[in-house]
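In order, the protein sequences belong to chains F and V. At position 189 of the first sequence (counting the first as 1) the number is 189 in the UniProt record's numbering, and the numbers step up by one without a gap. At position 146 of the second sequence (counting the first as 1) the number is 146 in the UniProt record's numbering, and the numbers step up by one without a gap.
Keep in mind the hints are simulated off the structure, nothing from the lab. If you're wondering where the values come from, they're calculated on a predicted model, not measured in any experiment. Just so you know, not all the hints are guaranteed correct.
When chains are identical, the list treats them as one kind, so a pair holds in a single copy or across two.
[To be verified] Computed list of lysine-lysine pairs in DSBU-like fashion (alpha-carbon distance at most 30 Å, straight line):
(1) K168 with K193
(2) K119 with K168
(3) K208 with K168
(4) K98 with K22
(5) K193 with K119
(6) K208 with K193
(7) K98 with K193
(8) K22 with K208
(9) K87 with K168
(10) K87 with K22
(11) K168 with K98
(12) K119 with K22
(13) K119 with K87
(14) K208 with K98
(15) K208 with K87
(16) K98 with K119
(17) K98 with K87
(18) K193 with K22
(19) K208 with K119
(20) K193 with K87
2 protein chains.
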Amino acid sequence: MPDIVTAAMIVIGDEILSGRTKDRNIGHLADMMTAIGVDLKEVRVVADDEDDIIAAVNALRHRYDYVFTTGGIGPTHDDITADSVAKAFGVACDYDEKAMALLAQSYAARNIEFNDARKRMARMPVGADHIDNPVSVAPGFRIGNVHVMAGVPSIFQAMLDNVVPTLKTGTRLRSATVSCPHGEGIIGGPLAKIQEAHPDTIIGSYPKYLDGTFSTDLVVRARTQAALDAARQAVEAMVAALPAR
Amino acid sequence: MPDIVTAAMIVIGDEILSGRTKDRNIGHLADMMTAIGVDLKEVRVVADDEDDIIAAVNALRHRYDYVFTTGGIGPTHDDITADSVAKAFGVACDYDEKAMALLAQSYAARNIEFNDARKRMARMPVGADHIDNPVSVAPGFRIGNVHVMAGVPSIFQAMLDNVVPTLKTGTRLRSATVSCPHGEGIIGGPLAKIQEAHPDTIIGSYPKYLDGTFSTDLVVRARTQAALDAARQAVEAMVAALPAR
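Chain F with its partners taken away, still in its complex shape (with noise of 0.2 Å):
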């Protein structure tokens, strides 16, 4: 039986739902989780509210191996991801005695005043571990199954390759993709025959639509080598005996 490790992402910022910054992490939280064998199941994308990152760090902590979280552990006042995971949690957030040493040491080198906004990012809910930041210093931090992370996309990378080898893995599921030159009207009938006849493998159809014309990928994915490779020749040979485009 292949393991299945799950995992859920939470992003939390204003400035993804409004529009004004693109956010680039989940793409690279899903290729890194698939490149690693862990399932990203879901992915939620929640304002600078306290309410609502406590609702999502509670709904999906519970349900999957895995939470992992984006923005919100700066110095400014909209910064309370720390706050709300310590609730999410019932515990207590404070100034984390490490935290607060690297973080004095880093400013006293750089001859720049440690003030209360800089302490801000030495707290974190009392019995988290730290996730190093090797860009800028103040730290992520772990709680349970929960990482809290950085929203600044090459901080949270730096953050996440020091997360992902602490991290439990599964199967990896291998993906295979057969491209198609044709729409998915063509093929939905038999494309879902492949994917009845091969229950252990997942068989997704993806339309790209270019230039007022269709072309479809097809992606099969599995657990085990065998699995992939037999329902990968199906789906070949079903593009195969289509007409030629």
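Position chain V against the provided structure of chain F, taking the given hints into account.
Just chain V, lined up with the frame of chain F:
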């Protein structure tokens, strides 16, 4: 009192969660909603899974004025959005007479067989209204406050253009951006005070990290020009008083 109109989005598709396809529809919907004065409050990305789609539709349609979905309305076996939305509303999903006629005519004109797979695209919850698809004929639909649209970005955008004029809209959230050549640490304290003094505005602080240096975009949002101007001027004065970089 400003009129507030709220919305949520459901992005349906395994291909987004696997990372294979990078979503481009969230940003487009967010931009459009901001432009017309609808507050996008939440986005969920869910798998091609009936239970997950039903749960998301029912969680969001009661909470927000509008729900918009993308993906899963094509002719293949993994296109299960119409059936799932019908179940969420507790109504039957059936071949829509008007959609059948539209599609039959379109395929006949192109000498293409109107096969069972293609007929799937005419299925919708009983009682739903069409959302016209000027790109490739197969319509989206609206049932209650839920608008079901295609996932292919060009088709989604064309459908959304047809939906927007039918929406009630609220008082638009105006916004102004003040660029700050410093990171957030130096402004966290004074910015929080400005936010407190201007409770009818939403002030967001968005750090950028480029070539080893942080800068920040400070975004003021408000539903009246007077409130916007007052907070923007306060933010500008704060930035002007900072030491030059």
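Here's how the hints hold up against the structure:
no.	hint	result
1	K168 with K193	neither (35 Å within a copy, 44 Å between copies)
2	K119 with K168	neither (33 Å within a copy, 44 Å between copies)
3	K208 with K168	neither (35 Å within a copy, 32 Å between copies)
4	K98 with K22	neither (33 Å within a copy, 37 Å between copies)
5	K193 with K119	between (60 Å within a copy, 17 Å between copies)
6	K208 with K193	within (22 Å within a copy, 50 Å between copies)
7	K98 with K193	between (58 Å within a copy, 28 Å between copies)
8	K22 with K208	both (22 Å within a copy, 13 Å between copies)
9	K87 with K168	within (26 Å within a copy, 36 Å between copies)
10	K87 with K22	within (28 Å within a copy, 32 Å between copies)
11	K168 with K98	within (26 Å within a copy, 51 Å between copies)
12	K119 with K22	within (29 Å within a copy, 36 Å between copies)
13	K119 with K87	within (20 Å within a copy, 50 Å between copies)
14	K208 with K98	between (51 Å within a copy, 26 Å between copies)
15	K208 with K87	between (44 Å within a copy, 28 Å between copies)
16	K98 with K119	within (12 Å within a copy, 62 Å between copies)
17	K98 with K87	within (21 Å within a copy, 51 Å between copies)
18	K193 with K22	between (39 Å within a copy, 28 Å between copies)
19	K208 with K119	between (49 Å within a copy, 19 Å between copies)
20	K193 with K87	between (49 Å within a copy, 24 Å between copies)
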